[in-house]
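Chain A is fixed; fit chain B with the ligand onto it per the hints.
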Amino acid sequence: MEESIRQLSDQARAALEAATTEEELEAERRRFLGRKGLLREIRQGLKDLPEEDRPAVGKLINQTTRQLEALLEQRRQKLASGKAAFPEDRLDVTLPGRAPLIAGKHPLLATMEDMIEIFLGLGYLVAEGPEIEDYYHAFEALNYPEDHPAMDEQMTFYVEDDVLLRSQTSTVQIRVMEKQEPPVRVVVPGRCYRRDTVDATHCHTFYQLEGLLVDEGITFADLKGTLQAFAEGMFGPEVRVRFRPDFFPFTEPSAEFAVSCFICGGVGCRVCSGTGWLELGGAGMVDPNVLAGVGYDTERYTGFAFGVGIERFAMLRYGIKDIRVFYSGDMRVLTQF
Amino acid sequence: MRVPYGWLMEYIDTDASPEELAHVLTMGGLEVEEIEDWTSEDGQASDKVLITSVTSNRGDLLSMIGVARHAAALLDVEFTPPEMSLPATDEPIRADDDLTEGDTRVQILDLEGCPRYSALRVTGVDVGPSPEWLAHRLEAAGIRPISNVVDATNYVVWETGQPLHAFDHRLLIDGHIIVRRAEPGERMLTIDDQWRYLTPDDLVICDPKGPVALAGIMGGLDSEVRKLTKDVLLESAHFNPTLIRRTSQRLPLSTEASYRFERYVDPNLTLPALARAAQLILDSAGGEIVGPALDVRTEEFELRAITMRPDRCNAVLGTDLSGQEMEELLKRLGLEVRMQYGLSVRGVETYLGGGVPVAEEDREGAPGRPAVKLPEPDALLVTVPTHRPDLEREIDLIEEVAIVHGYDSIPMTLPRAGNAAAVLTREQKLERRVREVMRAAGVCESLSFSMMGQHDLDSIGLPEDAPERSALRLRDPVSAHEDLMRTTLLPSLFDAARDNVRQRVQDVALFEVSRVFLPAPPAEGKPSAGEEEGAQAPRGLPEERRRLGAIVMGSVMTSGWNLPAEVAEADFYWLKGLVEQLCRSLGLDEVVFERARHPSLHPGRSAQLLVSGEYAGALGEVAPEVRDAYDLQHPAYVMELDLEVLFQHAQLQAHYEPVPRMPAALRDLALVVPDDEEHDASTLTTAVEQAAGDELASVEVFDVYEDPERLGAGNKQIALRLTFRHPERTLTDDEVDALMRTITQRLERDLSARVRDW
Ligand SMILES: [Zn+2]
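Taken in sequence, the protein lines are chains A and B. With this note's numbering, letter number 328 in the first sequence gets 328, and the count goes up by one each step, no holes. With this note's numbering, letter number 5 in the second sequence gets 1005, and the count goes up by one each step, no holes.
Bound-form chain A, shown alone:
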C-alpha cells in the first residue's frame, strides 16, 4: 500500500511539473487531488487494511496530499506570474506596507553614544558610578571648601546631610581613582541632578559625559588637543575649539571650552547668540589636592578632566528647542528618531 502511494506521488509530481498552462494544471489537479481523484481512491482502500496499520498509512496519505497541494500552488503561481498583466492579479502597491516599527535611539543617548565612540577610539574606558552620592565623593574629595559659594552653583538635592543626588559626573573621577593606580583613562556618562524648576531651557535632570586622564607627563596642551580631536569627531574637521579661564574646585588651571558655531561657521548667528561660539563644557588640569586625596604622587602624575553637557549638543543636533522633549513619552516625539 505504502509503495503504491509513493508511486502515485511521483507520478503526480511529474504531471504537475509538466503542465504548461493553467488549464492543463487544473486537469492534473482533478486527476490526482480531485474529489474523484486517484488519492481519494487510495484512501478509500484504507478500510480494507488491518486496524493497526491504518494510522500510519492514513498519515502517509495526508502527508502526500499536503505536499502535492503545496506543489500545485507553487506551479499555479509560476504560471500566473507569466501573465501578471491580468487585472485580477494586480496589487495596489501604493497601500502601506506592514511591518513592526524599527524604533530609533533616544536622541540624548544617541548623542552620548557618539561621544563615547570617539573616546573609545582614543583609548578611554567607560566607567559608571552612583547617581546618589555621599558628601565626600561629591564635594570633599573634589576639593570643594566647606561652606563655600562654589557649592551654590551645584544646586544640590539632598536626602540627608551626607546623602545627595550628584550634580555632576565628576564624582565618579574619585571612585575610579580610588580603585586603581595611574594611568587612568576613562569617560563617565550619566544622569545628574540640580535643583532647577523645569521649563523649556532648564531641567532638574540632565546628562553629562565626564573625561579623566591621569598619567606621567600630561599637560594642559594635551587637554586642548584632546578636546580639539573630540570636537572634530563630533562636528567635522573644520571646527575650532576655544578655551578660556574658568573656575572649578577640582581642576587648576580650569577652562570653559567652546567650539566654533557649526551653524554659522563662527561668524555669529541666532543659535550662538551672535558670538560665533557654542559653549560645551568645563575642563582643566586635575587639582593636585584631588590627586593627593586618592593617594597619587602629585609630582609624578598630572592629569586632565573635562565634562560635557549632553542636552545642549543634542538640542543643536536635532533642532530641539525645548529641553522637556527629552523626557517626553509622547509617541509622536519618540517615533521621529
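Be a bit skeptical, because a hint or two may be false.
[To be verified] Keeping only pairs whose Cα atoms sit at most 25 Å apart, straight-line, the calculated DSS-like set for lysine-lysine is:
no., chain 1, residue 1, chain 2, residue 2
1, B, Lys1209, B, Lys1227
2, A, Lys105, B, Lys1429
3, A, Lys47, A, Lys59
4, A, Lys105, A, Lys321
5, A, Lys179, B, Lys1429
6, B, Lys1576, A, Lys105
7, A, Lys36, A, Lys59
8, A, Lys36, A, Lys47
9, B, Lys1209, B, Lys1230
[To be verified] Label pairs and their in silico Cβ distance ranges:
no., chain 1, residue 1, chain 2, residue 2, range
10, B, Arg1473, A, Glu117, 36 to 42 Å
11, B, Arg1432, A, Arg76, 45 to 51 Å
12, B, Glu1436, A, Gly123, 22 to 28 Å
13, B, Val1567, A, Gly123, 47 to 53 Å
14, A, Gly123, B, Ser1053, 33 to 39 Å
15, B, Glu1590, A, Glu299, 53 to 59 Å
16, A, Ala110, B, Asp1458, 34 to 40 Å
17, A, Arg324, B, Glu1614, 46 to 52 Å
18, B, His1455, A, Pro96, 37 to 43 Å
Since the hints were derived computationally from the structure, they do not count as laboratory data. No residue lacks a Cβ here, since even glycine has one placed at the ideal position from N, Cα and C.
Same frame as chain A, now just chain B with the ligand:
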C-alpha cells in the same frame, strides 16, 4: 557685576573699546556676559555697562578697582587706583579687641567672626542728594541713589569691594560698638523693615542695648542714617566668610555686602576704604573727620610667599616659557617676583655665577651695554598681596601664568597613546544589546525623571506594606509630587500611556532603561554602648539597580489595514514573546514564566520571570483599577525587569552547536484537558518531556482551542508538535510510535488528558 565702562576707564590707561575690553576680560577669566547700552533715568548720562559673571574664587573682581587691575594686567598697561589715604595727621590708632577714642568705643567679643573692625567718625554733615556724577555712576552700577552719605559708602563698595556701613553716631548708645554673636531669642529690625530672628550662629554689631546691624549683611533700621543725621560713624570691617554665608543662607538674605564677604574681602582694605568714603562724604555732604580712625584687630594679615618652579609650570601647561617670561607675566598681575637660584634668593640685583651683580635695568640692555642673558632660575619666589587669597600654592601661580599668557597661546598636543585597547565592559555591552532588541521590536526608547511622589505609589495600586513604598525622600524637592526617588519604573510608564491617550494617540510602545533606588538597610550590628536608644542607625548609600520597563498598548505594526485587530495589536503573548526574545539574545537558558500576582497587574494575566530560579521581574496586563487611575480605556501591557539579575546570568557570546545530521520525525498530538491551572501548557509540555526519552528533541504548542459542544464545557484542546531525533541514526516509524504510545499513556494516566485522533 555691572561694570560701567566710563567709570572703569578712569583707572586704566587704554583706549580699548568696550567690546575689546569685554573680549580681553572674558578670555582672561572674567566673563563679560553682555554689554548694555545704559542711559540714566534723567537722560543726562549714558555709558556702556559690562555685565560680568565672577567665579566664586575671585572675590577681588567684585570691584571696579579689581576689574581695572585685572584688565591692566591682561592688556599690559598702566593701572592707577584712586587716592585712598587719610590725612597724615590722622594716623589710625590700634588695639587688640577694645579701643576707645573720644566718644567712640569699638569692642570685638568674637575675633574669629570679626578679625578686624575699623571705624571713622565724621560730624557736621548735611544729608542731601548726591552730586549728579556720583548718582549717575551708582545708577549705572544698578544701585539706587539714596543720600550723599549712604551713596558715598555704596560708591566705595562698588569701587573697592569693601562693604561699608554708616551709622548715625547719636543713635548708638554711648557711641559704643560691640561685635558679638547674637543671643538666643534675640531679634532686630533691619533697614528693609523686616524682623530678623537671630541665633548664636549669627554675628551681630550691637550697642549696649542690642543689635544695630546684622554683621556683614545689613544694617539696622533704628541706627540708620536719615535726613537729620549730623554725626556719622563709618564701619569698615573684615568678617569671617563662612559665618556670613551661614547666616545669609539661613535667613535667607543675600546683599551686596554678604555676597562680597562670603567670597573674602581683602582684610587690608578696611582703612583705605574708610579714607575714600570719608573723602567723598566731605566733598558731597560737608562736615569734618573727628579724630583718628579706630583699627581693632590682633592679626597682621601679612603677605604670602609662594615658590613656583618654572620646570613644573611648563610641565603642567605643556609650554616652553623661560623663567624670565613667567616672571614678567606674574608681575603684570601686581605680584612681587624674585628669582631663586639653588638655595639662595636674590632680589633685583641678581647675581650671575661669578658673583657679578646685574642691575634690574641691565636685563633690558641699558643704553650702551648689551643685555645680559640670565641663567634659568630654579624657582620664582612670589609674594602675593592680600587681595588674592586664592593664590596659595604653586599650581595657583601656574594658572595665573596660563591666564596672563593666554590659553590661546598654549599649544595643542595629544597625549601619548594608552597601552590597552578600550572596549565596553560586559554589562555595558549587555545593556546596549537590551536596548537594541527593544528598538528592533518596535518599542521606542524613552527617558523619564527619577523622582516620583506619593500619589504615584497609590495610583499603581501598591498595598500599604509594599517594599516600593520605602523610597528615599528628597529634603528639598522642586515640587511636592517629585519628592521621592523612584523604586519602580511603572509610574512613569503609566504616565506616558495616559499622556498619549490624552493626545488621542492610541498606539503606544515605549521602554526605558534607567535606575531605581532602593534604600540601604540600616547598618548591621548592635548600637555600641552609650549610644542613645532610638538614635538613627547610620545608613549607607542606596542600592541602584538598572531596570528595563516597557508599556505597550494598541497596534505594534506600522500599518494594519489588512490585519485583523487581534493580530496587529499587542497582547500578553506579544509582550511575553518580546521578553522571550530578549532572554534569548542575552543567552539566558534557564528562563521560566510563572503565574504570579502583582499589585499593578491583572490577577489572571500576569506572570513573573525567573532566570536560573531567581526573580527577574514581572509582566502582564495592567490591572483594571490601575487602568482607571490613569484613564486608559484600552488594555495595556507592561513589564519591569531587573537587568542586574538578567546580566548576572547572561552570556555575551553565543555557543555554536552543529546542526543535527539525522532527519527528524514529527508527530502531532492533540490533548483535551480541563481548562484550569493544573493543565497549563507548561505542565503538559513538561509531562511530555518527562515521558519521552532523549530522542524527543522538542515539543511545541501549535494550537489551543475551546469548543464546549465538541470538547465538553470547561475543556480545552491543546495541540502539540513533537520532534524526535536520534543523534546517530534515523528513527524508525515503529520506534517513534512506541514513544508516542508511552507519552499518551502517561498523559492519560497522570493528567487525565484525552488524546484526540486527527
Ligand atoms: Zn552661529
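We went through each hint and held it up to the structure:
1. B:Lys1209 to B:Lys1227: holds (23 Å)
2. A:Lys105 to B:Lys1429: Status holds; Cα separation ~15 Å.
3. A:Lys47 to A:Lys59: holds (14 Å)
4. A:Lys105 to A:Lys321: holds (19 Å)
5. A:Lys179 to B:Lys1429: Measuring from Cα to Cα gives roughly 22 Å; hence the hint holds.
6. B:Lys1576 to A:Lys105: With a Cα-Cα distance of about 23 Å, the restraint between Lys1576 (chain B) and Lys105 (chain A) holds, given a limit of 25 Å.
7. A:Lys36 to A:Lys59: Holds, at about 20 Å.
8. A:Lys36 to A:Lys47: At roughly 17 Å apart (the allowed maximum being 25 Å), Lys47 (chain A) and Lys36 (chain A) satisfy the hint.
9. B:Lys1209 to B:Lys1230: Holds, at about 22 Å.
10. B:Arg1473 to A:Glu117: 36 to 42 Å: Once the Cβ atoms are compared, 38 Å apart, the range 36 to 42 Å for Glu117 (chain A) and Arg1473 (chain B) holds.
11. B:Arg1432 to A:Arg76: 45 to 51 Å: holds (47 Å)
12. B:Glu1436 to A:Gly123: 22 to 28 Å: At roughly 25 Å between Cβ atoms, Gly123 (chain A) and Glu1436 (chain B) fall inside 22 to 28 Å, so the hint holds.
13. B:Val1567 to A:Gly123: 47 to 53 Å: holds (50 Å)
14. A:Gly123 to B:Ser1053: 33 to 39 Å: holds (35 Å)
15. B:Glu1590 to A:Glu299: 53 to 59 Å: holds (54 Å)
16. A:Ala110 to B:Asp1458: 34 to 40 Å: holds (35 Å)
17. A:Arg324 to B:Glu1614: 46 to 52 Å: Between Arg324 (chain A) and Glu1614 (chain B), where Cβ atoms are some 38 Å apart, the hint is violated.
18. B:His1455 to A:Pro96: 37 to 43 Å: Holds, at about 41 Å.
Figure legend: structure checked against the earlier numbered hints; the only hint not met is number 17.
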